[in-house]
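The hints should help you fit chain B onto chain A, whose structure is shown.
Here's the letter readout for the chains.
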Amino acid sequence: MVRVLINVPKHVKRDEPFDVKLLISHPMESGQRRDNMGQPIPRDIINSFVCTYNGADVLRADLFPAIAANPFLSFAVVAQESGRLTLTFTDDNGAVQTETANVTVE
Amino acid sequence: MIWRIALAGLVVLAATEKHSGYQDASPETRAMQDDDTSNPGFLWVQQGEALWSERTGSAGRSCADCHGTAPTAMRGVAARYPAFDAHLGRPITLAQRIEQCRVERQEATPLTPDSDALLGLSAYVGFQSRGMKMQVAVDDRTRPFYEAGKALFNARQGQFNLSCAQCHDDLAGQRLGGSVIPQGHPNGYPEYRLEWQAMGSLARRIRNCMVGVRAEPFADDALDLVELELYLGARANGLHVETPAVRP
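Residue numbers (this note's numbering), protein chains in the order written: chain A, 1 to 106; chain B, 107 to 354.
So here's chain A without its partners, still in its complex pose:
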């Protein structure tokens, strides 16, 4: 489990875009570095990110090396009805983490 900070407004207006921001604590090891003994440090990055709203895909992203540690993702979402935002990301070690946030449409 990694630490995640999610920032989503609790109340939004119908059909008006709102920002979803998240900070993920992750080393994002590029795989290009070597340790003190000269051995390569295996790549360990978050390689995919999926955001769904009430089960429907909102955003799918493939992530690549050359992203700094503790990545910050920000994107806009439009909602027609109240629901649950599900944020899922997978890293190279196969760890899958899902976070949720509830949004109320006014």
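These aren't lab readings, by the way, just hints derived from the structure by calculation.
Glycine is no exception: its CB is placed at the ideal position from the N, C-alpha and C atoms.
Accuracy of the hints is not assured; some may be wrong.
Unchecked claim - In silico EDC-like pairs for lysine to aspartate or glutamate, Cα to Cα no more than 20 Å straight-line:
1) LYS21/A to ASP57/A
2) LYS21/A to GLU253/B
3) LYS10/A to ASP142/B
What the hints assert, rightly or not - Far from chain A, some chain B residues (derived; all Cβ distances over 10 Å):
4) SER132
5) GLN153
6) GLN303
Here is chain B on its own, set in the frame of chain A:
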């Protein structure tokens, strides 16, 4: 003509006036710090908040059990550190105070210096003083340590034979390579440093500078480090606490 000279004088004054490293950072770095949702330091603040109410050690006590809620109990505390500890008869840093509480009150094993847990707790406590003015006390009890720290700040060291003062007093505002030399005020620690891609303590930053001038860095528990932190803290008195700050 006269107003031009006066203007030039103002510009020089503005550059030499005491200011936070925030003002020397790039607009992008400042924006990162300004928005709490994009400031990665808050990942540690979040961790510290969880640890604050977590019972640990053989005493089975959490920080909250004694101190209550941090936003009220810890308001302004970090702005006064390093502070004199009557029991030890010397000043201690905030991280050392947390460790002391951990070992003596919680009866738990000490945390590793610069571990995420200790940085998290320091950041959470430091965050409660954000926006307050630094007010590190230099009084009869701390003055000898302050003077020792000042001497360290002004002493040349390492293979480069440079003192802290040569860069951070005399050349602050000018450039070292492509980077602006800040005045070296510790008003945002622990801070998220982009170069480290992590949170780090003032002790780590000082060691980093010492390695830079090719001197042997102080040990984690060295009194020299506390003295230097005390001098730096008092030197920054009046600046606002920015914990968790973001720096290049």
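Results of checking the hints against the structure:
1. LYS21/A to ASP57/A: holds, 17 Å
2. LYS21/A to GLU253/B: Roughly 46 Å separates the two Cα atoms, so the pair is violated.
3. LYS10/A to ASP142/B: holds, 17 Å
4. SER132: Given that every Cβ of chain A is farther than 10 Å from that of SER132/B, nearest at about 15 Å, it holds.
5. GLN153: violated, 6 Å
6. GLN303: violated, 4 Å
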